[in-house]
Amino acid sequence: MFLYLPNNTLLHQIHPSTKIIGLALLLILTVAFESPWHQLIILSGVLILVKTSGAAKNIRRVLPLIITVMLFSIITWSLFKRIGDPFWGYGPFTLSKDSIQFGFAMGFRLDAMLLSGMVFVSCTKVEEFAYGLRAVGLPFPVSFALSLAFRLVPLFFTRIGIIVQAQQSRGLDLQSGHVFQRAKKYVPLLVPIFVYAIRDTDLLSMALESKGFGMRGERTEFLIFRMAWYDYTILTCLLAANVLTWVLL
Amino acid sequence: MTTGKTPSIILGFSGGDKLKTGSFLVNILTTLALHILELRNLSFTYRGTSDPALKQVTYTHNHGEFTVIMGATGAGKSTFCRCLNGLIPTFIKGDFQGHLKVTDLDPQEKHQVYELARRVGLVFQDFEAQLFSTNVELEAAFALENFAVPQEKMADRVQSALHQVGLTGFENRDPSTLSGGEKQRLAIASVLAGRPDVVVMDEPTTDLDPIGKRDIFALAKSLRNEIQGIILVEHETEHILNADRVLLMVNGAIINEGPPTTILSQPDYLEQHGVRPLQTTVLLQRLGLPTESLTISDAVSNIQAAGWRINEGACQSLEQTEVTTDKMNTVVRIQDLVHRYDQAKAAVDGVSLEVYQGEFVAVVGQNGCGKTTMVKHLNGLHKPTHGTVEILGKNTTEWTLSELGKRVGFVFQNPDHQIFANTILEEVSFGPQNYGLSKEETEKKVLHALDIVGLAGQEDQDPFSLTKGERQQLALASVLATDPDILILDEPTTGLDYHGQTAILQLIRQLHEAGRTIIIITHSMWVVAEYASRCIMMSQGKVVKDSSVRTCFEDRDLLESLHLESPEAVRIGQAFGVTVRSIEELITCLEK
Chain A
1 MFLYLPNNTL LHQIHPSTKI IGLALLLILT VAFESPWHQL IILSGVLILV
51 KTSGAAKNIR RVLPLIITVM LFSIITWSLF KRIGDPFWGY GPFTLSKDSI
101 QFGFAMGFRL DAMLLSGMVF VSCTKVEEFA YGLRAVGLPF PVSFALSLAF
151 RLVPLFFTRI GIIVQAQQSR GLDLQSGHVF QRAKKYVPLL VPIFVYAIRD
201 TDLLSMALES KGFGMRGERT EFLIFRMAWY DYTILTCLLA ANVLTWVLL
Chain B
1 MTTGKTPSII LGFSGGDKLK TGSFLVNILT TLALHILELR NLSFTYRGTS
51 DPALKQVTYT HNHGEFTVIM GATGAGKSTF CRCLNGLIPT FIKGDFQGHL
101 KVTDLDPQEK HQVYELARRV GLVFQDFEAQ LFSTNVELEA AFALENFAVP
151 QEKMADRVQS ALHQVGLTGF ENRDPSTLSG GEKQRLAIAS VLAGRPDVVV
201 MDEPTTDLDP IGKRDIFALA KSLRNEIQGI ILVEHETEHI LNADRVLLMV
251 NGAIINEGPP TTILSQPDYL EQHGVRPLQT TVLLQRLGLP TESLTISDAV
301 SNIQAAGWRI NEGACQSLEQ TEVTTDKMNT VVRIQDLVHR YDQAKAAVDG
351 VSLEVYQGEF VAVVGQNGCG KTTMVKHLNG LHKPTHGTVE ILGKNTTEWT
401 LSELGKRVGF VFQNPDHQIF ANTILEEVSF GPQNYGLSKE ETEKKVLHAL
451 DIVGLAGQED QDPFSLTKGE RQQLALASVL ATDPDILILD EPTTGLDYHG
501 QTAILQLIRQ LHEAGRTIII ITHSMWVVAE YASRCIMMSQ GKVVKDSSVR
551 TCFEDRDLLE SLHLESPEAV RIGQAFGVTV RSIEELITCL EK
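Residue numbers (the working numbering), protein chains in the order written: chain A, 1 to 249; chain B, 1 to 592.
The hints are simulated quantities; they were obtained by calculation from the structure and are not laboratory data. One or more of the hints may lead you astray.
Claimed, not checked - Using 30 Å as the maximum straight-line C-alpha spacing, the simulated DSSO-like pairs for lysine-lysine come out as follows:
#1 185(A) to 445(B)
#2 184(A) to 439(B)
#3 468(B) to 185(A)
#4 345(B) to 184(A)
#5 57(A) to 345(B)
#6 394(B) to 185(A)
#7 327(B) to 345(B)
#8 383(B) to 444(B)
#9 439(B) to 185(A)
Using the sequences and the hints given, assemble the complete structure.
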């Protein structure tokens, strides 16, 4: 993927299907709790994954977003969630011990989700993602299309960058004006962006067809992954945690 | 034509018994196998259009042959290529008539793209859009996976294809980190790994710098011994001398074909059909000599044999008439400019230079040497990491982007990056309106700009209905409408045929003659030689030479080290011991 960081950690080596299912199980686990302490434990676990997978480099790039999500969540949930006995109130805003705890729980949960997604994309190549999706039963064209979307993101942003510069060179000022004026200014960008998106997609489709993409029947794989003991261990642990949480709590 | 090679399919009959009993059969098979592609009366009209893109095309490709297709924009070259691997009519719909036989496939049956693609590999011009894997090895393996090649055989085939294109050792590199030439070679490797009988390359060098172009032609030349056929669409005449056959296409039809010596020795004929002729043949024709000598050494020998020699006095007077710039009026001053993207190596590394009012400056160098990054500082699109840039005596940090954009016009390489409006008038009005000009003033400037580029009278036309060359002219008009003092053009001739190139270059020359300062980025050294007055050569973010164009071309060692090749006119002149910039100058210097 475009945020993939070549490395040789355990998280890079595990089977792509384990990564996909593992991520799904982790995300399910995060929605099981509403206590900030439980969420903090999960977030701490995810932070350990960030450290051990070498994904910190990518996390630094989105750190402002992660902090903003956390603060926004804590503040808004604390002020708007009407649970417990409020000890302060002003107009529509109230604060209670429970609403603050809930705000923290939501902040930790969203960050745990974001960070685990970042760990996943930092350790998984597009091809591994596609392989993993196929291994869990998705048809090849569907898994390939999903994985391709990630690959095309950087190309798309490069195009947008050039188009923005081309229009700025003709005096387009995207900074000034109120929100509606600024929205109107994006029209000169949208047409070339759509023209290029269609053109690139068309070319890519032809390139894919020219390399036998539409061939019927079985295809073979260049990359072969085999499930190892650690794959089974990871999946068993995550599954057990989910079962225990959802059944016992 | 035939190459005299024995087709590999026939080698299977080398067993003595079979040869003895079936020599007649072998002869028939040999003849049949020589034709690996056969098109008869092939016509195609794209859905939604009325004019056929291909008209009654008949062509046979022989075993081991290297064919080059030439022709102006819209001649049908890409349509021809896309028919060969079945994209037309299976993927791209339209009215398809005629007969196409590809290697062993039964021409009576309808074949899917993947069936034809196994036999005919197609490489596209835009290498960015055809690479989608995260490393080189996986890119080369993609077709093999689709063709269900057994996994144990894949590694060898991938390695072999990468070796053929010279990318051994690049297996784990991310394709996005490769240079343009390397990306295109990877695109070719990804096709070669599938071991097609024929490789078709549709303008593979258009977006490449000189070294990238040279590598692709060297590769095509080496591949002719390894695969059964190569078909290459190309604009640059000098690079196709090694081909076995040249096809000239005009308006969807093949109007002429033959060996390069026959086709390329007709300069007027080629020019008439939108193909830039070899400068050697233009010179020979102007001197009244036979035009069959296509290489520089042959042409020089023939010219000397005909009694032509250099007139020293005429050459000296040429140098004296060199355009001198008034260095009083500095319009651009760059001092110790450094630019870094993120924490990476400096893209521009300590550049200092001045540009004077009325100069025509060409900036040259390999892809990634920092040309575009440097000039984007001139209209404020980039901010210096270190150093200063002054425009008309004022630091760019003191200009607003809007004020700077009005004084420094920037025409991007691809006009489609900016065209958005419904009409030409609306498109060209965009700049002046952004700069707050009144309606009357905007209209006046827009009409003037359209008049300059030759689009006056077409104000209500849809910009997307124009040809690529006209869209480039429209992009130029939309910048001219703001009446800039300095005009920057990034690769203005890329993707245009010869007529389109000369039209835009003549326009730029007129603007220069009218007093504008022109800065052009280009890979076409003939454009530098014939149009610019000053040449700035860049390498790895630094300016390595900054002098008059003639002086730049005199430094042959430097040009070679930067993999820049002088145009033929310059090289012919140098074979006579003088540095000229054009055929006209050379003719002035020659006497009998």
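Taking the hints in turn, this is what the structure says about them:
1. 185(A) to 445(B): Answer holds: residue 185(A) to residue 445(B) is near 22 Å, not above 30 Å.
2. 184(A) to 439(B): 20 Å, holds
3. 468(B) to 185(A): 26 Å, holds
4. 345(B) to 184(A): Between residue 345(B) and residue 184(A) the Cα gap is close to 38 Å, so the pair fails against 30 Å, i.e. violated.
5. 57(A) to 345(B): Answer holds: residue 57(A) to residue 345(B) is near 19 Å, not above 30 Å.
6. 394(B) to 185(A): Cα-Cα ~29 Å, so holds.
7. 327(B) to 345(B): This hinted pair is violated, its Cα atoms lying about 33 Å apart.
8. 383(B) to 444(B): 33 Å, violated
9. 439(B) to 185(A): At roughly 19 Å apart (the allowed maximum being 30 Å), residue 185(A) and residue 439(B) satisfy the hint.
In this structure, the earlier hints numbered 4, 7 and 8 are contradicted, and the remaining ones agree with it.
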